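Q: Residues per chain, in single letters:
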Amino acid sequence: MQPVEHAIDPEDLNAYVDGEAAERAAEIEAHLKTCVACQKVLKDLRGVSRDLGAWRIDDVPASLRARDVVDRTWIRQPWRLRWMPSWVTVPAIGIAAVALLITATVPKRTPNVSALVVPPSPHGEAGSSIGPGEMGKSAVPAPPSPVRVGGAARVGGYVQGQGGPPPAPGPRIIRTASLHLVARDFDTARASVERIASGAGGYIGTLTVSGARPSARTLTTIVHVPADRLNATVAAFRALGEVVEESQGAQDVTEQLVDLEARLANSRNTEQRMNELLRTRTGRLSDVLEAEREVARVREEIERLDAQRKNLDTRVTYSAINVQIDEEHKSTLSLGPLPLTARLRNALVDGFRTAVETAVATLLFVLQVAPVALFWLIVVGLPVRMVLRRRARASA
Amino acid sequence: MTSDEALMAAVRDGSREAFATLFDRYRQAIWGFFRRRVADRGRAEELTQDAFVAVLEGAGRYEARGPVRSYLFGIAYNILLADRRRVASAPAPLLHDVAGAPADRDAALWIQSALAQLDAGDRELIMLREYDELSYLEIAHLQSIPINTVRSRLFRARMALKQGLEARARVGVGHAAG
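So the sequence lines, in the order shown, correspond to chains A and B.
Residue 396, in our numbering, is where the first sequence stops; the numbers in between run on with no holes.
Residue 574, in our numbering, is where the second sequence stops; the numbers in between run on with no holes.
Quick caveat, the hints were computed from the structure, so don't treat them as lab data.
Keep in mind the model is a prediction, meaning the values are calculated, not measured.
Treat the hints with care, as some may be off.
[What the hints assert, rightly or not] What the simulated footprint calls covered on chain A by chain B, stretch by stretch (three residues with Cβ under 8 Å from a Cβ of chain B suffice, anywhere in the stretch; the number is not a length):
1. 14–27
2. 35–47
3. 55–64
We put the beta carbon where it would ideally sit given N, CA and C, even for glycine.
Chain B with its partners taken away, still in its complex shape (with noise of 0.2 Å):
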């Protein structure tokens, strides 16, 4: 199988074959990052296309310094960002469009509900670790964080939500996982 490395070298000599390659590759997990994020399907699909489409933009200015995988999330995580100041003023909707069967629905709402009630920097740590599973170092790098800093802060927003999880577990708010 082609390295990601070596694929991305192809997409900026514009190998389209390549891009389909790393397309398919990443198109679920970059989905899945702002399908978590974005409470608007559409806009998530659009955001994702428009990830891809900085990628491709940005081709021939790519170094491989890092992994192909944090380049892309570090590319995601900016649209998300930009897209989050344009839209500051308009009130973000209550939960985000689930999909699934009515017990799936109900679990996402209920880990929704318990992560809304983190910080917003642990939030979104928490998320990218165990989501989109990136490494301490990916974190740090992409959030300008220490390592250090990384690694007290997921575990200080674990424990805190582990409370949240099971205080929403008592009242029976949807929770339908084990």
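With the rest of the complex left out, here is chain A (with noise of 0.2 Å):
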């Protein structure tokens, strides 16, 4: 058999079934009529086209509109005015301009907080209501309850007891804040900050108190309250000693938390679609076992993202304060009687102590004086006793 001369490349093929090879499209041509190789790959050239064009796709959404693209654009590049008619413009600067002097001039109203019912403390407090600015002038001032709303507690934003917290329009904020005092009465104030804790909603995350009386005492605690309660709740710490240092921060996170909607909503719909393919396909035992693999990885991606998303939601609706309390430091210090057993025990060890001290010094005084004494007993006793005995001898 008389082998065919392939003047054509398949790459050349690959570029005519792209229409990108039309100056050599004759030549082409007529060396397909003869090579059936070439047919062959053009045919599965052609093949793979046609199957890639099963992977069809959604339509447009209908709120991808050219409308919301040029607002978008007009937001970010407010000069462009252009993009809006001069039917639009001059209205929409007229009503910005009232709404301006609206805000500026109209006092701002705040919640109204003494409508909150205190719930009766341990110090008779029952029934009192706090006003805006009481909470941080009180020494131990005691937080509102939870709102109640149609039979629910409402905390930070959400109504608990009703099938968990709905998603919230607007933005999601993350607000954090952290507080350092000084406290004369430090008992006063670690008690305070259970009272305060609780009293908001919230509850304490952990709480340390280290040193030991004489010592200064440091108390450091994390305390999580509902976020619209962070500002009445900080002003009540206030109150609790002398502010060395505060600061107070906000995280943005309703791009993420979409995001992780979206992905979580994704996920989930995979996990549907592999169980299905599951159930009805069949194939080898090693590809049903992969399917499976992955259906096991995919829950697992959705469980680590639903944590995170509840994460979130739950640093959303519940503010972090640090709060370190410091006790004043006191210079005096009061030692007071000490117990018998260590009077005795430092009357034995004193005794013992003069005893040896009085042995050393008599000691140390022979030394000193035994030298002295030995020259005038040579000089003086030695002549006294010469002449005491001659006398003696005289009067024998």
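Make the complex out of the two chains shown on their own, each in a separate frame, by following the hints.
A: So this is what it looks like as structure tokens:
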């Protein structure tokens, strides 16, 4: 059999399929009439394109509109007023000016905190009301109880006890605060921390007290309170002592939460589809096992994303306040009477120390006096002794 | 019908109507570009909008050096690369969230799994050609590679993809297409 001479490169056939070999189209077509191998390659290439065409995508979402794109561009580039016709521009500027005027002149209404009923406290403050400015004035403030909305406790903007928090519209902000105080009455301050936290509908994450009397003690705690009670709670903490340092922060996690929700929904869809495939399709055991491994992986991914979402939700709902309270340092030192055993031991130690010191002092005295005494004994004592002996002999 | 270039010139001069026409003309193509490359449908929609926002914002700097279609896909491609860099640390979902009838979904999954076996560069190349219908020259400009490289790599990618599709068809992993 006469081998076919391939004047046409397979890559040329590929370009021919894509309409990118117009200058050689006639030559390629002539070659294809006689070359079975190239016909096969051509068929394969076209088959791939045909197969790929089976991946169809859904239509453009209805929410994707030119108007929104223009609006977004206008927000990012507000000087592009030319995108708005004059009949829109003039009223829009007028409305914006009026809104600005109203905002600047009308006093801002604060939440009616006085309507919150305070639960009975150990100090007999049952039923007292707290005004917005009173939280920080009382030495032991009694925080408000959770607001009641239709019989369910509303904490941090959500209604609890009705199937969990609904997705909140608007920005989702994680708010945090940090407070460093010096308290004169440390024990009262410590007791107040727990009462403030529970009174605000929050809880204590961690609490550590270090140091012991008579040294100054330090309390460090992380208190979580509903986000809408953050300011009132910080004000209550301020009243516990002298503020040394204070800071507050906010982190917008709206985009992060939306992204997590979307990824979660997507992973759940994937899991559902794979489970359907596993139920309806048959194949080799190894393929089935691999598919099951993938399902497990997707499930793990779902749980991880869900945990992330819940964690973010909690941090948005409950603000964290880092509180450090240092006890005011006292310079006076009061030891008080020593116990009897300590006094006996001290007396014994003192007596022994005195005896030793006496012995040492005597020894030192002897050592210091002895040479002088010996000298005088030789100089005076010996002649006196000789004289006395001669007299005794003469009288005998 | 007004040409793309004339529309783009009008957009540059601030015509909202011209932009709306251009948007209607290309929104399906740009949407398809992102939809096939981004697993999350919502994210694909955002990126599509980002691409058109970038067209508007950059309209003042637009110069008619090539077809508007190439210009639009160039913007979309850069936005896609930026987004991939941004989410590089996050694990990608296994498969795309595909819509449609079960048979369509099976086919889509079958093709996606075959494409996933390709080298990332080859996969991008074949998708630009097959789905976005860019010419070899446009692909070469977009990826900053010689046109002959596009020719050879595209042929290689198609043959590899053929084997991948056949292998998956044999084991019956959801091949519902002819």
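Q: Confirm or reject each hint.
A: Verification of the supplied hints:
no. : hint  : result
1   : 14–27 : holds (count 4)
2   : 35–47 : holds (count 3)
3   : 55–64 : holds (count 9)
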